[in-house]
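When you get a sec, could you build the whole thing from the sequences and use the hints?
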Amino acid sequence: MKKLMSTSLVALVSTGFTAQAESINILVEGGGKMLQEAVAEKFTEETGIEVVFTEVPYQGVFDKLSAEIASGSSNFDIATIDVVWNANFAPHVDDLSGLFTDEVRADLPSALVEDAKVDGKMIGMPAWANAEIVFYRKDLWEDPDNQAAFKAEYGYDLAPPATWEQWRDMARFFTKDDMHGTATVGLFSEEWMAHVLQAGSPGVILDDAGNVILDNDAHVEALEFYRAPLCEDNSSPENALEIGWGEAQNLFYQGQTAMMKFWAHAYRLTPEDSKVAGRVGVAPMLAGSAGIAGIPGPWYNVIPSSAENKDAAKQFIAYAVEHNAMGIEAPLGLAATNSAYESYMGKDGYEHFGPLLETLGADATQGRPIHPDYQELVDEAVMPAFQAALECEDNVEELLADAAEIARDILD
Amino acid sequence: MTDAGNRDIGKVLINAFALLLVLSYALPYVYLLMTSLKPAADVQQIPPSFFPDRISLENFGEVLGSATLPSAFANSLITAVLTTLLSLVLAVPAAYVAAQYRRRITVLFLLFALVTRMVPAVSLGVPLFQLLKTLGLLDTTTGLVLAHTSTAVPLALLLMAAFFEGVPRELEEAARMDGCTRFQAFVKVVLPVMKSGIAITALFSFIASWNEFLYALLLTSENSKTAPIVIAEYNSVYGLAWGPMTAAAVLYSLPVIIVTLALQKQIIGGLTFGAVKG
Chain A
1 MKKLMSTSLV ALVSTGFTAQ AESINILVEG GGKMLQEAVA EKFTEETGIE
51 VVFTEVPYQG VFDKLSAEIA SGSSNFDIAT IDVVWNANFA PHVDDLSGLF
101 TDEVRADLPS ALVEDAKVDG KMIGMPAWAN AEIVFYRKDL WEDPDNQAAF
151 KAEYGYDLAP PATWEQWRDM ARFFTKDDMH GTATVGLFSE EWMAHVLQAG
201 SPGVILDDAG NVILDNDAHV EALEFYRAPL CEDNSSPENA LEIGWGEAQN
251 LFYQGQTAMM KFWAHAYRLT PEDSKVAGRV GVAPMLAGSA GIAGIPGPWY
301 NVIPSSAENK DAAKQFIAYA VEHNAMGIEA PLGLAATNSA YESYMGKDGY
351 EHFGPLLETL GADATQGRPI HPDYQELVDE AVMPAFQAAL ECEDNVEELL
401 ADAAEIARDI LD
Chain B
1 MTDAGNRDIG KVLINAFALL LVLSYALPYV YLLMTSLKPA ADVQQIPPSF
51 FPDRISLENF GEVLGSATLP SAFANSLITA VLTTLLSLVL AVPAAYVAAQ
101 YRRRITVLFL LFALVTRMVP AVSLGVPLFQ LLKTLGLLDT TTGLVLAHTS
151 TAVPLALLLM AAFFEGVPRE LEEAARMDGC TRFQAFVKVV LPVMKSGIAI
201 TALFSFIASW NEFLYALLLT SENSKTAPIV IAEYNSVYGL AWGPMTAAAV
251 LYSLPVIIVT LALQKQIIGG LTFGAVKG
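Quick mapping for you: the protein sequence lines, in order, are chains A and B.
Under full-length UniProt numbering, the first residue of the first sequence is numbered 1, with each subsequent residue one higher.
Under full-length UniProt numbering, the first residue of the second sequence is numbered 1, with each subsequent residue one higher.
Hint data in this document are derived by calculation from the structure and do not stem from the laboratory.
All values reported here derive from a predicted model rather than from experimental measurement.
Hints are supplied without guarantee of correctness; some may be wrong.
[To be verified] No farther apart than 27 Å at their CA atoms in a straight line, the calculated lysine-lysine pairs in the DSS-like style are these:
| no. | chain 1 | residue 1 | chain 2 | residue 2 |
| --- | --- | --- | --- | --- |
| 1 | B | Lys133 | A | Lys310 |
| 2 | A | Lys151 | A | Lys33 |
| 3 | A | Lys310 | A | Lys42 |
| 4 | A | Lys33 | B | Lys265 |
| 5 | A | Lys151 | A | Lys176 |
| 6 | A | Lys176 | A | Lys138 |
Here it is as structure tokens:
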């Protein structure tokens with residue numbers, strides 16, 4: 001850690017910070033303020049530079065930053081943006097390659113470093129990252145009757161699900177007594193995308209060269225698996241197309257599902273009055289033929305090219321990644337660096353960090369395409385096919401072939 | 001069945017239909033209110049329940065204890081009141097002239113006001129941003145009031161012009177014969193007649209500013225942020241805090257409801273202003 005700190009300080013000096021601004025303005029979404037407030041206070045204490053957060057709703061970050069960029073000048077020295085916007089803002093933000101020292105790179109999951117790179121430019125520094133992991137009911141899994149019955153029925157020990165097959169078996173097993181094994185999220189496709197990587201696809205929707213691979217075998221196989229609890233096993237509520245993250249989370253909290261794949265931060269946010277409070281166990285995301293894989297959900301600190309206090313902004317970003325663990329005490333409890341997560345490993349209440357880190361650092365884990373048309377690809381090509389598949393009637397292969405054609409048309 | 005009996009049945013049916021219509025309009029708001037009264041664990045209950053199993057004020061407590069919402073409410077109120085006043089000051093005399101002294105240019109003027117209502121607000125966002133930035137008015141109440149006024153004035157102008165159409169020109173002429181100047185005739189004779197029209201125009205201008213989201217998002221940051229932005233922040237990428245969000249929305253709707261009730265008489269008068277009496 002000392003080595004990391006000293007190297008970071010050298011990096012700070014070598015990037016040539018000159019005039020000290022009195023304050024810097026950061027554009028953030030609500031969660032972003034919460035996760036960076038502590039480090040900002042410490043930064044102000046040490047440097048005298050005040051950090052002012054402007055908090056806006058999620059979509060407001062995109063809209064406001066776009067307006068600032070279009071106006072040719074920015075009131076914000078830093079903006080904390082969702083990874084899905086990296087490609088859109090890449091031409092309008094500074095290259096932060098200088099802050100990606102060897103130590104910083106080594107301390108970040110490689111998928112987060114890759115997502116920061118757009119056309120060879122490091123457009124932002126990860127501020128925190130999230131990924132889906134497996135949540136299950138410890139009380140059900142540790143129940144001796146369930147253990148014996150499961151072994152008798154499926155021939156192996158009841159343990160947190162680690163593979164696709166185990167997931168389906170356990171979902172079927174716990175579908176009883178007014179409870180479903182799990183819920184299938186039909187309003188968002190990220191969970192399926194993680195399965196696509198687990199199935200060995202070189203990428204999600206697009207490959208590294210930007211070719212559409214939405215209809216490759218891994219996409220098909222993953223969608224068949226994703227809809228199996230709903231369409232074949234009846235181990236998931238029928239109204240998948242009405243289930244988003246919030247609904248899936250609530251079904252689990254209300255004891256209506258036995259397990260879910262969900263974003264890791266939720267572990268510490270289990271409501272005290274929920275039926276599962278104190279009984280939640282966590283495990284890494286599932287493994288397919290390519291091993292464990294997840295879709296990271298990182299946010300990046302970027303410096304708009306038209307920002308006024310760029311030196312101070314760089315100083316803050318370097319400081320924030322060096323003191324990344326400070327965000328963990330915030331309710332969302334997320335960080336980006338391995339060392340930040342590792343510093344909390346073994347502490348009570350942070351049992352999800354092990355599975356999260358294992359998922360983020362897995363070889364097959366990688367981000368969604370860093371492409372300016374990503375959202376259009378999802379809205380126009382992916383979601384119609386994905387949701388049609390969840391109606392359990394059409395052939396997945398044909399749906400994805402049609403979706404791939406639409407995707408190619410969008411990119412032409 | 002007598003004619004009177006038929007008329008009574010007809011009235012009952014019309015009233016029942018009207019009640020049904022009102023209930024269908026009110027239903028989303030009632031659901032919002034019911035949700036705000038549910039404890040956190042029941043807010044996103046699946047399947048959802050319309051009425052709370054038990055009433056809880058915890059969402060209101062959270063909202064009222066929030067560091068940002070009270071100041072955002074104050075910003076919204078100041079902005080909406082100033083926007084309303086400025087819009088009326090600009091639109092009422094302009095509408096009077098346009099309606100009473102009809103020339104080709106005044107018709108064009110009203111047409112132009114109508115056209116400005118057709119321009120999507122989003123396309124004006126960046127130019128307004130640049131303009132206010134040049135003037136040093138970004139993230140100020142003054143800047144936001146000017147932005148809101150730019151959209152409220154055309155609305156107020158069109159509404160008031162329609163109301164002034166119903167005022168006989170002879171009213172001003174009679175006042176002038178009694179010794180009033182044109183301005184005195186307008187202020188002392190014409191405006192008092194227009195109370196209902198002004199009330200309804202003021203209400204629409206107030207609501208337009210009170211609920212406005214896009215300009216408030218683009219043109220304000222921390223100092224003059226209004227409540228719609230803060231309420232929207234409850235919908236974060238890490239989850240939607242339905243309970244506090246609905247509680248904030250209920251509280252935010254109260255001033256408009258109170259103003260509407262207070263001005264009920266004038267609003268009804270305004271809505272029927274100019275109607276032909278039998």
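>> Check whether the Cα positions of B:Lys133 and A:Lys310 lie no farther apart than 27 Å.
In response: holds (20 Å)
> Are A:Lys310 and A:Lys42 close enough, with their CA atoms no more than 27 Å apart?
Replying inline: holds (19 Å)
> Holds or violated: are the alpha carbons of A:Lys33 and B:Lys265 at most 27 Å from each other?
Replying inline: At roughly 47 Å apart (the allowed maximum being 27 Å), B:Lys265 and A:Lys33 break the hint.
> Under the criterion that the straight-line Cα-Cα distance not exceed 27 Å, is the pair A:Lys151, A:Lys33 satisfied?
Replying inline: The hint is violated at about 47 Å.
> Is A:Lys176 within 27 Å of A:Lys138, Cα to Cα?
Replying inline: OK: A:Lys176 and A:Lys138 at ~17 Å, within 27 Å.
>> Just to be careful, I want the Cα atoms of A:Lys151 and A:Lys176 compared with a cutoff of 27 Å; is the pair within it?
In response: Cα-Cα ~17 Å, so holds.
The structure does not agree with the numbered hints 2, 4 stated previously, though it agrees with the rest.
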